[in-house]
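> Go by the hints and put chains B, C, D, E and F with the ligands onto chain A.
Chains as they are written, first to last, in the working numbering: chain A, 1 to 108; chain B, 1001 to 1161; chain C, 2001 to 2495; chain D, 3001 to 3933; chain E, 4001 to 4090; chain F, 5001 to 5109.
I should point out that these hints are in silico values taken from the structure, not numbers from a laboratory.
Don't take each hint at face value.
[As the list claims (entries may be wrong)] Here are the simulated distance ranges between beta carbons: (1) Gly3152(D) - Val2462(C): 38 to 44 Å; (2) Val2035(C) - Arg3916(D): 54 to 60 Å; (3) Trp2366(C) - Asp3479(D): 46 to 52 Å; (4) Leu3592(D) - Trp2458(C): 58 to 64 Å; (5) Pro3591(D) - Ser2479(C): 30 to 36 Å.
[Said to hold, decoys possible] Subject to a maximum C-alpha distance of 30 Å in a straight line, what follows is the list of computed DSSO-like cross-link-like pairs (lysine-lysine): (6) Lys1141(B) - Lys28(A); (7) Lys1032(B) - Lys3721(D); (8) Lys3100(D) - Lys3442(D); (9) Lys1141(B) - Lys1090(B).
Glycine included, every Cβ here is placed at the ideal spot set by N, Cα and C.
Now for the letters of each chain:
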Amino acid sequence: MMLVEVLTSTFILVGGFFSLVGSIGLAKLPDFFMRLHGPTKSTTLGVGSILIASAIHFSAGDGTSLHELLVTLFLFITAPISAHLLARAALHLQVRSVAEQDTRRDCE
Amino acid sequence: MRRWLPHPWMSVLLFSVWLLLVNDIRVVSVIKAALLGVVLPVLTKHFWPERPRLRRPSVALHYLLRLLLDIVRANLGVAVRVLGPNRRLKPAFVSVPLELNNDLAVTLLASTVSLTPGTVSAEISADRRTLLVHCLDVDDKERIIDGIKRRYEKPLKEIFP
Amino acid sequence: MNLLLILPVLLPLLTGATLLALARPALRTARVLSVASATAQLAVAVTLFTTAADGLILSYAVGDWPAPFGITLLLDRLSSLMVLLTALLALFALLHALGGVDGRGAGFHALFQFQLLGLNGAFLTGDVFNLFVFFEILLIASYTLLLHGGGASRTRAGLHYVVLNLVGSSLFLIAVGVLYGVLGTLNMADLAARLAAVPATDIMLVESAGLLLLVVFGLKSALVPLHFWLVPAYSSATAPVAALFAIMTKVGVYAIVRVYTLMFGAALVGPWLLWGALVTLAVAGIGVLASRELRTQVAWLVVFSVGTLLTGVSLFTGMGISGALYYLVHTTLVSGGLFLLADLIGAQRREGTYLTSGEYPAARQWLAVLFLVGAIAAAGLPPTSGFIGKVLVLQAGLESPEVTWLWTTILVGSFTVLLALSRAGSVIFWKSNRPPAAAAPHWLGSVPAAVLVSAGLWLALVGGPLTAYTDATAVQLLSRGTYVSAVLGHVKEAP
Amino acid sequence: MSLVLILLLPIVGALLPPLAARLGRDAAPAAAAALTGGALALLLGLAPSLDEPAALSVPWVPTLGLEFALRLDGLGFLFSLLILGIGLLMILYARYYLPKSDYLGRFYGLLLLFQGAMLGVVLADNLLLLVVFWELTSLSSFLLIGYNIGSGESRRGARVALAVTGAGGLALLAGFLMLGHMAGTYRIGELLGMGETIRAHPWYMPMLLLVLTGAFTKSAQFPFHFWLPGAMAAPTPVSAYLHSATMVKAGVFLLARLFPVLSGTDAWFFIVGTVGLVTLLYAAYVALFQHDLKGLLAYSTVSHLGLITLLFGIGTPLGAVAGIFHVINHAIFKASLFMAAGIIDHETGSRDMRRINGLWNYMPHTALLAMVAAASMAGVPLLNGFLSKEMFFAETVHLEQLGVAGWILPALATLAGVFAVAYSVRFIHDVFFNGEPVDLPKMPPHEPPRWMRIPIEVLVTLCIVVGLFPGFMVKPLLDAAALGVVGALPDYDLVLWHGLSPPLAMSAIALVGGILVYAVRRYVFAVHDRFPLPEGSDVFERALSRAMAGAEILRASSDDGRLRRYIALVFVSAVVLAAAPFLLRGGGLGPLPLTDADPLVLIATFMLVGGALAAVFMHQRRLLAIIWLGVVGLVVTLTFVHFSAPDLALTQITVEVVSTVLLLLALFFLPGGQREHEPHGRRAFDAMLAALVGLGAAALALGVLTRPYKSIAGFYFANAKPVGGGDNVVNVILVDFRGFDTLGEITVLAIAATGIYAMLRGLRLDLPATDSAGRPWCGERHPLFLAVLSRPLLPLALLVSIYLLLRGHNAPGGGFIAGLVAGTALILQYLANGIEWTQARLRLRYFRVAGTGLIIAALTGLAAVAAGRPYLTSGLLHLNLPLIGELELASAMAFDLGVFFAVLGVVIIVLAHLGRLSRQQVRTPPANPEEVH
Amino acid sequence: MMLQWAVTAGFAMMGAAALLNFWRLLRGPDAPDRIVALDTLYVNTIALLVLIGIHFDSSVYFESALLLAVVGFVTTVSLCKYLLRGDIIE
Amino acid sequence: MEALVALAIGVLVGCGVYLLLRRHSFSVVFGLVLLSYGTNLFLFAMGRLNTHREPLVSLPGPYTDPLPQALVLTAIVIGFAMTAFVLVLALRARGMLGSDRVDGRRGDE
Ligand code: NA
Ligand code: NA
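Okay, chain A solo, but in the shape it has when bound:
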């Protein structure tokens, strides 16, 4: 029981941490394309960890609870799409970027 609680707590903290980092990145990084990295990665893992915490927590009682996996599944499918489209939009709008400019293109 104790182990479950430790595990759950750990995953919660890890998840919270990465979520926060992702949002810090979003707030702090200097240009749009860099800010995009924060949420696409950190948040997925952040949510993922908390979902694992949840799965552990609810599996500890009666029966297993794995439906948390589904949220992860959907997020893993959708988050890259969002990131990609956001990047494309930013490219199209020629949003200011500190990255090397040589290979930037606008969509055709």
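Frame of chain A; chains B, C, D, E and F with the ligands shown alone:
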């Protein structure tokens, strides 16, 4: 077979997703899951006209595990970079030449890139031969291109020939 | 339980849904279904009317859930009168539409049926939130019907109409919320019962909600200063739609009568309503006089009639309510007929409904007689129902401390209407001297107009029995205990 | 019975002439004559029983006190006789007067209608019934004055007449309502005996004023006289009949009718007397200066009506008798004069006395008749007009009320007599003599047809016979009529010779003076022309057009056509009304303490408030505002979750997404762009109003939240599972307890979809070629990754949707949410792959889906009806299946399935059609907005 | 006890994350910045919902989280599509 | 907690009202959306604010009042229908009146 199971893997996925959704494995749930696993792909088969064939499930599994690991790594890396001084970061756009000739594979590659270390797929060229990737912190572009091709493109090519 | 009670809701619902499911049916099919349904609704309405005339209050627990927990439909004299009136007006408006208006846009018949659904539901429901839902149904159906046929002025009027009514809906929700938040129920009879026992510390909240409802219902009934949407909307709608809309303002009036006789009582809204109604009369009189176009004028007449009948209602006496209800029947049918008539006239002259000389309408004699009847009825001149209704309200006003203002406003208002309509009629039928290019109107267009306009006469003929009915209705309304016990009488306590 | 027939014959018979007119020109007058003759015969048949007045009453609107009550007393008989008798003559006359081209049906129909209405006025035994007929006479008069279609004069005349008499009718109505209320009855017969009560009633004065206004307008008393000359635009038979012999007498009839009730007070004496006197004098004076033949007669009529009014105003029984007598006499001579004028008009084509001269040479027969009648009008002895005028003079002399100033009235009466003689002389001399005609349209004039003269001959004969043998001819009639007016008959004699008396002297002065005045007419006219009197009808016309212009200004200033004002007024009303109870009663927060806020709620509130404010501040940058709305929606979702409403949260999430798509679809066509600055004051006002409304909503919320309440919810918890068959109480409420609401709600959705479809059909909009910053759009339509991943997402999302649908009855979910999720899944296909691609694969008629859903939901309820239960009664099925175990199926779940389809169908209809909007456009430069209007 | 502490800490971090997202929403500067902030807010909300579930030891919050994951990104997609093409359904 | 929710309601309603008074139809739609958020929240709050008392009888009680939730759900869906309708109407006004203003005019103040 094709008529009733247009996307067998999808059916498996739906079957499992249903069981996960209901969060139990009672008989009635399993029956429903099987039913839906068959019915939904048939209902929506027009929306998925392509029939991508999954050739080597073992490679796919391996790929998935690697992806998960890389995500963890990526997060740690990003965390360090985000929390550290941002000025030292050297962001860059990198064009990755592609050899995949399957839309699904390209898409999976792009998604993988977006989910993994410091990279986001920003754009795919019209001929689907070049993926433009934004990197958070680049020392050596070639290493990044090489990493993507070796770690992800190669297995994907095996899975979706 | 009496199945008939739910038919005024079910018939249009199923007809509308079927028309929808047929996905763009042939116009012919739609017409047959629509007219059949409207006729059946009239038959049902007549049956219900005769049932309610005995003074029984019938309730119908939808879903077999007892009041106040489920939604209860309720048939008393007032609601049966309104349902009958709706069915009558609807059938003739629909017949007029068959003249070709219905083909000018998509989904006319489905929307028409949905509009009837909303109206009948609003009249029959005994639940305040359900009333909101039916309001929304009839409103959204009316939004679309208003736009039927296209055109710029319709669109602008429609936008204003829709937005204002949505604002009204928000206020409605807030008021319902407060009522529920304090009284813990939604059934109107139950609300009435609980309201009677509400502690003094909470009364202002409930009253506040009650007055908010007055804004909502005032908006629906075009009480000044909440009337601005009406004239542009009604004057730009196609004729059968405008005719059907003649009952729309009456929904607001109905709600006022129902809610304040049953729940809040006269003291809360009486003075507000009286002054609002008198100002409405004044403003509408000015509007009627200022109109340079017939449909606009008729729309202002609708506002004017709202002023008259809300004046009666505001007294919350037997006479006042009875007079108002009689007037309501009169004005609904006659203004509906006038809208149809204006359409006929407009279609017959190149100048349309503009009050300028030019071509006189084809079938001038016939239309002139109809116009005359409609005009004197609208102006409240004898021997029409308008006169009887007006005099009923005037008589009721004798008991009000504000009798001087009341009489002055109504009489001066009538005079203004008389002036304006005599001008309108003389310009169209006497001043216009060029023969028209158009052919005489099709009977399908003119017969409904004739029947509705001549209501001004035949309602006067049956003035005795009809006022006896409205008298009894008023008595029934003012003894709220009857209603409450009819609804809550057989409450099974929650287990 | 015959009493009713007297009335109904003309009224109902009014329909006959228009029908008969098809049979030929004579058919309409013949029908009218037959009806009138019939009524007259019936009336005469009732003459012997006048002592015992015939009466009947049929209830009409008992609540109102309106009954169909008739009573034939002497006064009514006299007036009925005039109405029918002169009416009969007029029907004959008009047959020849009206142009051959006229369609006589309308004329005779209206004439009969008027005749019936007028009979109604004099026979009514109920005040309200009297008003009914009274207004009917105004209306038929209006229609008859306007008989000449296309003539501006008749149109104006008709409207002025209707306005004045109509207004008077309204006053009369008010007065009668008061009178009826004061007396406790509207029955005139009962009322007549209650004079003292009524005169002592505090409402007497206002009631009197109102009733008199009615009477004076109808009888064209100063200052309401001006409509009558205008009414002369009517065909002459109408002028003769309505505007001289009968209708205008309705006012004085009323004075007579109510004489026992209303007269006998100072107010009566001064008001009625003064008005009558002024009218008498003023109109007599003005009549002299009319060049229009009918104008002269019209003012003369006004003047004589003034005389009669004055007689009733004097208030003595003898005055009243004289008044009634003069009614008879005036009707006779004035009708014949009008007919003569009509003949002249008919034969010469003109009514201008400056052009009509010397007709004696052309139509001596007519001239003779006219001269006799005019002499009667002037009060020449041996003619009937002399008799009543003498009585009038006598009354003025014997009047005591004025005390020392008693000479004034006789003097003024004589002066009026002078003018009356003068204009009568002018009528004779200027028309029949005075040289040769000038420029007449028809030359030379002839005698009229034989039958056109006969009515005049009859009347002129009456003038003479009555003048010579008054006692024999009219005394019984007059007595009978007067009896009802004065109660006890005064002692009077109707004889030609009263001996040398002041009245005779006054008559003589009038005759001589009148001739003198006419003799020096040139000077008199010159003086008159220097000081033109304002024409009452002009004043009225001007006032009316000013009133209309003013009305337009008022309307326009109150309504600027802008939605902003309308909305502001709604909110102002709401704030005022909702605040009123608090201001009147005081009160505020309830007794319950506020619970502590946890930091999360604090953060959520912060974001909600910030998001809403940001949306307001950035509302002109529409895309940003949409994003902010997304934030607000998300926080609202969280609020629902936090406060135990998972179903709401689920709904809110999906609605939020769908709404965003919707807003963006619209944004494409409404990108906005340039920022606009509104006036500072306007924004400040709006902000203040907004703050007030917000404050009000917050205060109401807080007021409720701090009070305990007892809700009906317990019932739902108790019944949800055992009867409703579901654990999720919210869902059971939605599909069962209050399934009726839900049925209505999906109907709203379906209607909205229908409406949206209808609105989008054929709509043409400019396609923006660039975004609002002027950048061209990106070339690629369907981003690859999105398209590819949308494929597996569809079955997955549908699976989730089905999951939510099936579990809804027991756990958060249900048809709404499931429908929205499925809809979103399909929308994603549209977003990712475009319309064509998606449509080709989604072979659904969306309306069929929505309609079917609606029908399923509606029919589920009908199943219960078939089983004899109320509509929408839920059924519960317990199944015990092998393998599967116990299964509980509620019919409400079928209902929920209907909801699912309806919602799904609607979402797709709305978004797909909106999305397709861009495909029905052509990229053209913007249309000129002027052309669109 | 420990779990409660961790959950509280989790709440605190998620709250802070949300505020940071909000800040980015306010700052912009460009539309994509705001969209990405909104998207992140969605994802953080998912985490928060799961956390609340753990906190109350209740699974009723799960569907909300799931649904956010399933449909939430449609918002982002359509916003981006708008920026790219204007016409989001074509 | 109640005060915060009341504040939120007030701000939503107020912001909605302010936007409703703007000239452009799109702003008016924003106003309607915000107003309906406010009223929905208001109606919801009338069932009182209870944390973790979901009205699912499968859970142990006590429960929050489920009725306002059902009402709000109805209101949300109706609100969505209305928003969609007004938006399309605004589009139509744009097409018919040549302006994206609620009054169909431009320029003059
Ligand atoms: Na002459
Ligand atoms: Na599109």
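> Each of the hints needs a verdict: does it hold here or not?
Here's how the hints hold up against the structure:
As the Cβ distance of Gly3152(D) to Val2462(C) is approximately 40 Å, the hint placing it in 38 to 44 Å holds. Evaluation of the 54 to 60 Å hint for Val2035(C) and Arg3916(D) yields a failure: the beta carbon distance comes to about 33 Å. Against the hinted window of 46 to 52 Å, the Cβ-Cβ separation of Trp2366(C) and Asp3479(D) comes to about 49 Å, which satisfies the hint. Checked against the given bound of 58 to 64 Å, the beta carbons of Leu3592(D) and Trp2458(C), roughly 59 Å apart, stay inside it.
With their beta carbons about 35 Å apart, Pro3591(D) and Ser2479(C) fall inside the hinted range of 30 to 36 Å. Restraint check for Lys1141(B) and Lys28(A): the C-alpha separation of about 25 Å stays at or below 30 Å, so the hint holds. Restraint check for Lys1032(B) and Lys3721(D): the C-alpha separation of about 24 Å stays at or below 30 Å, so the hint holds. Taken as a hint, the Lys3100(D) and Lys3442(D) pair is honoured in the structure, with Cα atoms around 16 Å apart against an allowance of 30 Å.
Between the alpha carbons of Lys1141(B) and Lys1090(B) the distance comes to roughly 11 Å, so the proposed pair stays at or under 30 Å and holds.
Against the hints set out earlier in the document, a violation occurs for number 2 only.
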